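Number of protein chains: 4
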Amino acid sequence: MKRIAVFTSGGDAPGMNACIRAVVRTAVYHGIEVYGIMRGYSGMIKGEFVRLDSASVANTIQKGGTILKSARSQKFMTKEGRQQAFDQLVNNGIEGLVAIGGNGTFTGATLFEQEFGIPTVGAPGTIDNDLFGTDYTIGYDTAVNTALEAIDKIRDTADSHDRCFFVEVMGRDSGYIAIPCAIGGGAEIVMIPETQMSTEAVIDSLQNSWRRSKTSFIVVVAEGEEEGNAHTVAQRVKEAIPELDTRVTIIGHIQRGGAPSAADRMLASQIGIAAVEGLLNGMRNVMAGIVDRKLVYTPFSDTINKKKLINQSFMRMVEILSV
Amino acid sequence: MKRIAVFTSGGDAPGMNACIRAVVRTAVYHGIEVYGIMRGYSGMIKGEFVRLDSASVANTIQKGGTILKSARSQKFMTKEGRQQAFDQLVNNGIEGLVAIGGNGTFTGATLFEQEFGIPTVGAPGTIDNDLFGTDYTIGYDTAVNTALEAIDKIRDTADSHDRCFFVEVMGRDSGYIAIPCAIGGGAEIVMIPETQMSTEAVIDSLQNSWRRSKTSFIVVVAEGEEEGNAHTVAQRVKEAIPELDTRVTIIGHIQRGGAPSAADRMLASQIGIAAVEGLLNGMRNVMAGIVDRKLVYTPFSDTINKKKLINQSFMRMVEILSV
Amino acid sequence: MKRIAVFTSGGDAPGMNACIRAVVRTAVYHGIEVYGIMRGYSGMIKGEFVRLDSASVANTIQKGGTILKSARSQKFMTKEGRQQAFDQLVNNGIEGLVAIGGNGTFTGATLFEQEFGIPTVGAPGTIDNDLFGTDYTIGYDTAVNTALEAIDKIRDTADSHDRCFFVEVMGRDSGYIAIPCAIGGGAEIVMIPETQMSTEAVIDSLQNSWRRSKTSFIVVVAEGEEEGNAHTVAQRVKEAIPELDTRVTIIGHIQRGGAPSAADRMLASQIGIAAVEGLLNGMRNVMAGIVDRKLVYTPFSDTINKKKLINQSFMRMVEILSV
Amino acid sequence: MKRIAVFTSGGDAPGMNACIRAVVRTAVYHGIEVYGIMRGYSGMIKGEFVRLDSASVANTIQKGGTILKSARSQKFMTKEGRQQAFDQLVNNGIEGLVAIGGNGTFTGATLFEQEFGIPTVGAPGTIDNDLFGTDYTIGYDTAVNTALEAIDKIRDTADSHDRCFFVEVMGRDSGYIAIPCAIGGGAEIVMIPETQMSTEAVIDSLQNSWRRSKTSFIVVVAEGEEEGNAHTVAQRVKEAIPELDTRVTIIGHIQRGGAPSAADRMLASQIGIAAVEGLLNGMRNVMAGIVDRKLVYTPFSDTINKKKLINQSFMRMVEILSV
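Protein chains in written order, with the UniProt record's numbering: chain Z, 1 to 323; chain P, 1 to 323; chain B, 1 to 323; chain G, 1 to 323.
If you are wondering where the hints come from, they were derived from the structure by calculation, not from laboratory data. All figures in this text were calculated on a predicted structure; none of them were measured in a lab. Take these hints with a grain of salt, some might be off.
One copy or two, it doesn't matter: identical chains are merged, so the pair holds either way.
Said to hold, decoys possible - In the PhoX-like style, the derived pairs of lysine-lysine whose C-alpha atoms are separated by at most 25 Å in a straight line are:
#1 K46 with K214
#2 K294 with K307
#3 K294 with K306
#4 K214 with K75
#5 K238 with K75
#6 K214 with K307
#7 K46 with K2
#8 K46 with K79
#9 K75 with K46
When you get a sec, could you build the whole thing from the sequences and use the hints?
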């Protein structure tokens, strides 16, 4: 392998640049050429390739977002789109890919490899942490810390005014972000898709605490909570306990940005190195991840089909710590 | 004057604790006793008084929120409520008050002084900065910095995805928070109550930029914008320019919390000292403020009735800087 | 067991309060009484005990330092001192201890248990991360992030002025803090006790880069580096490469303070719960830790005598990433 | 005037990039061309000119350091050097300069204008705030906040261990940085060049507090303090009060870096606009500044020769607030 390319795809995550940097420098270290593809599969189809060297990624490790940008590509879902992407890669002499993203990205890469034989090694770049094959995804630790800093600020005002705040954090299918936000933020209750706590149970719990003359509360709600988002839950609680002064904060997209944390820079760097060395060792259709502090390569078929379960003991922690 | 009391009222603001601390220590310095009243006028009526000394406020200067808590009091709006409050003050030997809050607080204090003769000196504690009689209010600088840090994170993801973000910041009646957020956040457009920019003008401006192939945008919207809040504006823009990938972030209550900035600690400390020394010098019904770096006392009637106008040159700055 | 006590000892670390909070609430949850001992063994000898309940630790999870304070005790090194400590515990009806600290603390606890039979379960509270029996110690993640934020700021000025900065981070016996600071901070070189890189090698490396017209550098130096501290190394480099504009920054004690990171709050909470539940299950002379995301109890004799080795692959990472 | 150039000189300061950005966009707004000169006068002599347009400064407002870099130039001190610089400007068609820096920079510009007639308008870019002609310099507010955040962390550990910390902040000739750090950081004592407090007075004050059983202290020392730096003072205090557990932290170069605060971005933007519009209006040998919230242009001869005095009431504040 003489020349590889790297791209980011799906939602951006802090640490993506640290991973790109590691990919580039590892390629340089091993004497192979490396290109960046702008805007993921969309740029691959259009041929938006940029030659990268060691200096191209200087001073990027601390930057949020992705210098290669990200975009969705409907066209790559079609055979015709993938054919165009393949032609672009061939024309540019690119023999292997590092794809930084999530399962949507890896699904595309799997299909692409089956049809055209271009090998891809994946890097788990998503704040959601819901990828099988790695303990943590790139961006997760930063997103949690960002949300937690916001909750620390909200607690100031919740305490000052004896209020009940419903704080919605990201996490479409899982409570990975919500759990440490709740435990670290000293929240009384956490609502996540995995446990399906009913709004009635939330109301009961708040009423009990209110009677014990607790007057300020934080309830962390995961975005993908089936019982409804933070506004819906707050509305129903307000109806049931009118004397409660409720407020809602949706932390939202600020969780995606910002300088990556130390842990995310380490993880992104480890995985970026591993992805390139995996490609050089002939791997394909696998994602590089860290499980129990050890590097592992997991087939895309497993990252896509297997579910990473949340540690059930965390729910018990919320219960004990809000005693 | 042998004994005074201090309380916070209205929305909490970072730096209120620094101001309480300055009030307490200035009282101690001048050899007078000082009490804290919990929950503003509500606690005054109920007699929730706490003796404070120098040690009570140790390690509070950096804390967000207010250690004396804040609450609204319907009862203080009634003659009967104010009578009860006066009785409580008399019973506790309190001869003067420092009220940290905004115009609602000062209106109550004015009435209270007229009826019962208890002197109050006010301190401008509100993130909104819309108080005549001081260049900056306590909490404003911190709130702006908090919002700006959020916008910095949003810019990461706006750039990575070529998106248009509508970011709503606090400011019910004015653009004081929105303006520095827009200028400091590198926003293309700012919508504030003072200028009544139409949504059509926003659409025009975005369309123009889009045609010049600019692809990511930040539009800062003040909460009290008459054209509607960020969601409404974003909705109408999306209808007019469907190819624009729009997103909305409401920064919300996190702007109220957090450790106060250096400027807010300085301002809160200066004003806390000035409030006590004003009381000792026989002042009443005035707010201590800093105008052009000099201490001034402004009658409550002026802080309530006069409007502090936003510097019009700031709108021109947004225009020049987004060229 | 009806009543236990918790104390912090040794250097303070962010997350100690989160751990104290978890200890207190777990005790309450299990229906046992809990006391805090001020100033570690010193306060134990003097009988500085404070009754704690759930509310005592409200709003402490985000606080740096330790609300129970910490101190060294020469007296506890003597049999007489330990006898006094034992008498105080007996007089206060305390049957078990949770000690948050490092190996010095655990050594004392072991001796104490052998002589007087009071069981202790330890919690690894130190920013240094050099404790066998846990992947990470409480405070480590925060300290690394604090140092890294400082390095991010230093890089701004290093780049602007084409300078070579020698940044000294904490870590008396190991490079645990220095390694992620170097990788995450984009440093060119890291000097840690474990590898004993000579100053000559540093000079060689800088000279090579200088010749390739690289002009700004960051060298991370662990405090306990045998070749000398940052000032010594910088001095010798300056003598060898006079054209290099060198500067030194000792990050120092700021690494010990600040709000704990999300990871440290989680870890501290998990370990605090585990420590109390370990005591209740009859454990003694063990430290609660998390290894590969699983809770483990390690005998104090192992935490004291076994060495936790740094991952050698990290040194290779620094080499690849600074290519 | 058809073409101007901008450069940064002297120590870097947060907000320099925001100022460069404002200069560039104001030039574009007024239809004139703008170049960046790398490395100040040094790059001017060597002809390191870069054409800048609106996009060149996109996404720079939040960045620390200076994208144009800064350097000292011995050569510009010579007539020959200035002749070369002039030739370069003439060859590149540059008719006016915006110099972002301090008095060293302005002294050079004055001489340059006298000899060669090239007009310069200055922008006060230095963290030190010791420039006559502006209430605040670009970078000052950020530097103070950075130092204060460090002191907040140090207070955690000072309190936990009952220690006395001597914290040295920047400020070679003045206490501008030290004063708000002391007031905002809740320090007991501040030592600044302007007041020449003797170390004996510091010892007296600490001994008095120690006797009143205060056990943790923060003493803020300005870098340029005549009585010696933090290490010297700490050493002498330790000798006089051996029971005090003293520690020293030099905050150092981290004060120069980091994302500029909201106030610094506003100030830098205002001044950048004013500098260009000043040049276009025929000004020369003046610095644009903000005094009492109004734009003023001050002759370089005044910024260099007049001294901006520190507000003496601030010293009284430290005394009252540490009561």
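Hints, verified against the model:
In this homomeric assembly, K46 and K214 come within 25 Å of each other (Cα to Cα) only across copies, at 19 Å, whereas the closest approach inside a single copy is 59 Å. When the C-alpha separation of K294 and K307 is checked against a cutoff of 25 Å, the pair qualifies both within a copy, at 20 Å, and between copies, at 19 Å. For the homomeric pair K294 and K306, the shortest alpha-carbon distances inside one copy (19 Å) and between copies (21 Å) are both at most 25 Å. Taking the closest pair of Cα atoms, K214 and K75 come within 25 Å of each other only across two copies (23 Å); inside a single copy the shortest separation is 55 Å, beyond that limit.
For the identical chains of this complex, K238 and K75 are inter-copy neighbours only, at 23 Å across copies versus 46 Å inside a copy, given an alpha-carbon limit of 25 Å. Taking the shortest Cα distances, K214 and K307 never come within 25 Å of each other, neither inside one copy (38 Å) nor across copies (40 Å). With identical chains, the CA atoms of K46 and K2 are at most 25 Å apart within one copy only, with a shortest distance of 22 Å there and 39 Å across copies. With identical chains, the CA atoms of K46 and K79 are at most 25 Å apart within one copy only, with a shortest distance of 15 Å there and 55 Å across copies.
Proximity of K75 to K46 under the C-alpha cut-off of 25 Å is restricted to the intra-copy arrangement: shortest distance 11 Å within a copy versus 50 Å between copies.
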